[in-house]
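K.L.:
Start from chain A and add chain B according to the hints.
In order, the protein sequences belong to chains A and B.
If you read the first sequence in this note's numbering, its first letter stands for residue 1, the second for the next number, and so on.
If you read the second sequence in this note's numbering, its first letter stands for residue 1, the second for the next number, and so on.
The reader is advised that the hints may include incorrect statements.
With a cut-off of at most 25 Å between alpha-carbon atoms, the simulated SDA-like pairs for lysine to any residue come out as follows [stated by the list, open to error]:
1. A:91 / B:265
2. B:50 / B:78
3. A:151 / B:169
4. A:143 / B:266
5. B:172 / A:147
6. A:143 / B:275
7. A:91 / B:253
8. A:190 / A:179
None of these hints come from the bench; they were simulated from the model.
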Amino acid sequence: MLDSGSTDRTVEIAHEMGATVHHNPFVSFGQQRNWAIDHIACRHQWHFHLDADERFTPALLKEIAHEIGPNGLRSQNSAYLVPSKMIFLGKWLRYAGGYPAYQMRLFHRERCRFIDFGHGQREDTTGPVARLRQPYEHYNFSKGLYDWFIKHNRYSDQESAQAIAVRAEPKFKIGEVWSNDPIVRRRALKEMSFYVRGRSLWRFVDMYIRRGGWLDGSAGFHYCVMISSYEYWTELKIREREGNWLTQTNLLSERMARENI
Amino acid sequence: MIPTLNEAGHISETVANAMLLGNVYVLDSLSKDGTQGLARAAGATVVEHKFENYSAQKNWGIDKLPFTGDWIFILDADERITPALRDEILARLAEPSPIAGYFVNRLLIIFGQTVRHGGLYPSWNLRLFKRGAARYEARTVHEHMVCTGPTDYLHAEMLHIRRETVSQYILKHIRYADLESDEWVKLKLGSSQVAEAKLLFKDVLRYRQWLRRDVWPRLPLRPFWRFVYMYILRLGFMDGRGGWHMARLMASYEYMISLMYRDKLHNEMVRRRAIHAVRLAQRVSPSPGDAVRRGT
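Looking at chain A on its own, in the form it has when it is part of the complex (with noise of 0.2 Å):
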C-alpha cells in the first residue's frame, strides 16, 4: 500500500490487515505512480495498481495468472488494459457506466512509465499493449454520494469558467470534431458544447438512449439523472458568469432599498 499522508485510520488498519505500507507526499497521480514502480521493493517484475474503492475478482486473478504465467515470462507485452466495471446502489452500470473504460493497471516494471496529463495520467510504454478481458470492479460512489455531489459541485465550477474563457476567445475549428486523433476530437466536442443550450437534456439522452443507460434498470437511470443533474449545475453557473448575477442582486437591492420601485 502507497500512503499519500491519510489521517484516519488507513494506515493502522493496512497494517493490521497485513499490508506493507509505504508512505510519499502526494504530488500527482503519475508522479505517485512512478515512485512506487522506483521505490517499492516489489518482488516480481509484473505489477497491478489496484485503487482503494476497486476490487479483483476470481476470473480477472485467473486470466492475469494464465497471462503472464507462473513467473512472469510468458507475456512479451507491456501492459494491460483491464476493462472496469462501475458499480452503483449495488449493480454494475453496464451501459450508463461507459463498459469497458479500460485503464491501463497491469504492466512490466521495466516496460512503463505514467506520465501527467490533465488531472490524471496517461502511459508511456516501451513495448506492446494488450487486452484482459475479465474487468475488475470499481466502487466509485464507496465514499457516498455527497461526497460525489461536492465533487461535481467544484468540477461544474471549473467547467462554467472554463465555458467563459472559450467562449471568450473560440479558437476551435469544426474541422476537429470529425479528426482522427480521439484527444483532438474529443476537445473540440468539449468546446461546441459550450455554445449549445439544453446541455443536461442532451448529456440525459445520449447516455440514457445512444448508449443504452435505460438497459441499467434504476441504478442506471438515477446514474443518468445525476450526470445530467450536474450538466445542469455547469448551464447555470455559465449563466450566473455570463449575467453577472452577483453584480445584479447588490445594483437591485441598492436601488430598491435606496428609492420606491
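P.N.:
Leaving out everything else, chain B in the frame of chain A:
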C-alpha cells in the same frame, strides 16, 4: 435590533439602512470578522452576547438592550428596509391604535432578480412590535414570535438579499440533503413512528409533522411534484428564468435527498450483512488473531 454573527459583508449597509427607522442596536454573537467595529463605525450601538440559540439570543436582546423608543424592529443583516416601508411604519405608529405587533412581508432577491412566486412569497414575519408586547417562542429551530396584543399586516415590503453564488447555494443543498437523508435512514431503521390516525386530526402540528415525516418521504416522484408545485401551482413561471431555476434547484435538492437515502440504506444493509457474516464465521472457528487482539 440587528442580530449578527460574522456579517462584515453586509453590516455597514444594513446599519445605514436601519437608521431610516431610528436608533440601531447590533446584538453580536461574538463575531470574528470585525462586524462589531464596522457596525460601530456605521453608527450603531453594539452589544455582544454569546449565542445559544436563535430565540434565546433575540429574547435576551429584547430584554437587555438599552432601547430608548417604544417600538422595536428586528432586522437581519441580509435584510433591508425600503423607503415605502419606513413611510408606512412612521404613519401607522403616529396614529393612535391598539395594535401591538405588525407583520412585515419579505421580498427575496437572489440570482440578480426578485422572486415573487413559487411559494417563496409572500413571507410574513412579525418584526415590528411594542416593547414588552412580544417575545420569541422558546424553540431551538424555526423560532417565531408570539405577541400578546392585537396584530396587523403592513403593505410595504422589506428586502431579503441572498448574495450567495449558485455554487454556494448548491453546496448548502448538498449539506442539507445529507442531513435530511440521515434522518430518513434513522426513521426507516429505527422504530417507525407512524402516528395513530385518531390523534393526528386533533392536532394540527402533529398532522403536519406526520405529512412531512411519514407521507412526503414515501411519495413517488417527489422531485417532480416539488417542481410542479413551485413552478406551476405556485406560479413560479411568473418570475421568468429565476422561477424556473429556483424550482429546478429545489427539485434537484429533493432528488439528492432520495438518492442519498437509497444509497445510505443500501450501504447500511451491506454493512449489516458483512458484520453478520463475520460473526457467523467467528462462531464457527475463532481465529488465533482474534484471540491475541482480544487479549491485548
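K.L.:
Confirm or reject each hint.
P.N.:
Hint check results:
Under the criterion of a C-alpha separation no larger than 25 Å, the hint pairing residue 91 of chain A with residue 265 of chain B is consistent with the structure, at around 14 Å. A hinted pair counts as satisfied when its Cα atoms are at most 25 Å apart, and residue 50 of chain B with residue 78 of chain B qualifies at roughly 20 Å. For the given pair, residue 151 of chain A sits about 15 Å from residue 169 of chain B by alpha-carbon distance, which is consistent with the 25 Å threshold. Using a Cα cut-off of 25 Å, the hinted pair residue 143 of chain A and residue 266 of chain B holds, with the two alpha carbons roughly 13 Å apart.
The suggested pairing of residue 172 of chain B with residue 147 of chain A holds, with an alpha-carbon distance near 13 Å, which does not exceed 25 Å. Our distance criterion of 25 Å between C-alpha atoms is met by residue 143 of chain A and residue 275 of chain B, whose separation comes to about 19 Å. As the CA atoms of residue 91 of chain A and residue 253 of chain B are separated by approximately 24 Å, the hinted pair is consistent with the 25 Å bound. Taken as a hint, the residue 190 of chain A and residue 179 of chain A pair is honoured in the structure, with Cα atoms around 13 Å apart against an allowance of 25 Å.
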